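Protein chains in written order, with the working numbering: chain B, 1 to 115; chain F, 116 to 228.
Hint data in this document are derived by calculation from the structure and do not stem from the laboratory. Please note: incorrect hints may appear among the correct ones.
[What the hints assert, rightly or not] Restricting the straight-line Cα-Cα distance to at most 16 angstroms, the calculated cross-link-like pairs of lysine to aspartate or glutamate (EDC-like) are:
| no. | chain 1 | residue 1 | chain 2 | residue 2 |
| --- | --- | --- | --- | --- |
| 1 | B | K102 | F | E135 |
| 2 | F | K193 | F | E135 |
| 3 | B | K102 | B | E15 |
| 4 | B | K102 | F | E159 |
| 5 | B | K67 | B | E15 |
| 6 | B | K2 | F | E129 |
| 7 | F | K132 | F | D171 |
| 8 | F | K193 | F | D172 |
| 9 | F | K130 | F | D172 |
| 10 | B | K110 | B | D66 |
| 11 | B | K70 | B | E5 |
| 12 | B | K102 | F | D172 |
[Said to hold, decoys possible] Here are the simulated distance ranges between beta carbons:
| no. | chain 1 | residue 1 | chain 2 | residue 2 | range |
| --- | --- | --- | --- | --- | --- |
| 13 | F | V127 | B | R77 | 19 to 29 angstroms |
| 14 | F | S211 | B | R77 | 22 to 32 angstroms |
| 15 | F | G155 | B | N27 | 16 to 26 angstroms |
| 16 | F | A117 | B | Q112 | 29 to 39 angstroms |
| 17 | F | E135 | B | R41 | 15 to 25 angstroms |
| 18 | F | Y133 | B | G54 | 43 to 53 angstroms |
| 19 | F | P176 | B | G9 | 25 to 35 angstroms |
| 20 | F | V189 | B | R41 | 33 to 43 angstroms |
[Unchecked claim] According to the in silico footprint, chain F covers these stretches of chain B (three or more CB under 8 angstroms from chain F):
| no. | region |
| --- | --- |
| 21 | 40-53 |
| 22 | 62-74 |
| 23 | 82-95 |
Predicted model only: the values in this text are computed from it and were never measured. Even for Gly, the Cβ is constructed at its ideal location relative to N, Cα and C.
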Amino acid sequence: QKEVEQDPGPLSVPEGAIVSLNCTYSNSAFQYFMWYRQYSRKGPELLMYTYSSGNKEDGRFTAQVDKSSKYISLFIRDSQPSDSATYLCAMSARGVWGGYQKVTFGTGTKLQVIP
Amino acid sequence: GAGVSQTPSNKVTEKGKYVELRCDPISGHTALYWYRQSLGQGPEFLIYFQGTGAADDSGLPNDRFFAVRPEGSVSTLKIQRTERGDSAVYLCASSSSGAGTQYFGPGTRLTVL
């Protein structure tokens, strides 16, 4: 079983819809949670990060972490065609160097927003 | 300012050959990371450099893979005796410190025939 599970999709929604993406994980040492967006043939781009349980909002994006359930979510409001990409959840535990260097990614969910 | 750059963007080689993949991190970034992304999968951690030294190489799959960062800037990932299973996109990332946000390059797409 993988440490991080993510439904690969694809997920297809109409423009303006609310999108919900989520991941589950098994490693209770994970403390740093991230969402990356990856366009085709590009490197991942960090969207949001959080260090603890709870919600974090940034514009149309909201990240939620529930450490008791080992479940994280990303919500996209008023989705746009430009949001069409693969969304990767990622997480890491504190390493021996004191940071969160070794990042474990989910498989990614491919999102298509239809105009 | 320039982001992380990787060369070549594409590399096609034959089984058994040796390849080198290069990463130029963002100027001033002390931490550098290599990941491998197979088709339909998320990136998989390979190795992390802090300065010139490999602080964590636990993700390297076997001894055919080796990476260096001799001057604490540019890094080279070296793969000996390539196998078809090595075909993937090799991503490089850098951060201003070991705890900072990782910024990814576009990757090198390696195809082993």
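Here's how the hints hold up against the structure:
1. K102/B with E135/F: Measuring from Cα to Cα gives roughly 23 angstroms; hence the hint is violated.
2. K193/F with E135/F: Between K193/F and E135/F the Cα gap is close to 5 angstroms, so the pair holds against 16 angstroms.
3. K102/B with E15/B: violated (35 angstroms)
4. K102/B with E159/F: holds (9 angstroms)
5. K67/B with E15/B: violated (31 angstroms)
6. K2/B with E129/F: violated (31 angstroms)
7. K132/F with D171/F: violated (26 angstroms)
8. K193/F with D172/F: holds (13 angstroms)
9. K130/F with D172/F: violated (24 angstroms)
10. K110/B with D66/B: Distance of about 23 angstroms is beyond 16 angstroms: violated.
11. K70/B with E5/B: holds (11 angstroms)
12. K102/B with D172/F: Holds, at about 10 angstroms.
13. V127/F with R77/B: 19 to 29 angstroms: violated (43 angstroms)
14. S211/F with R77/B: 22 to 32 angstroms: holds (31 angstroms)
15. G155/F with N27/B: 16 to 26 angstroms: Holds: the Cβ-Cβ distance is about 22 angstroms, inside 16 to 26 angstroms.
16. A117/F with Q112/B: 29 to 39 angstroms: holds (31 angstroms)
17. E135/F with R41/B: 15 to 25 angstroms: At 21 angstroms between Cβs, range holds.
18. Y133/F with G54/B: 43 to 53 angstroms: holds (49 angstroms)
19. P176/F with G9/B: 25 to 35 angstroms: Since the Cβ atoms of P176/F and G9/B sit about 27 angstroms apart, the hinted range of 25 to 35 angstroms holds.
20. V189/F with R41/B: 33 to 43 angstroms: violated (23 angstroms)
21. 40-53: holds (count 7)
22. 62-74: Three-residue rule not met by the region 62-74 of chain B, so violated; n is 0.
23. 82-95: Our answer is that it holds, as 3 residues pass the Cβ test (under 8 angstroms) against chain F, meeting three.
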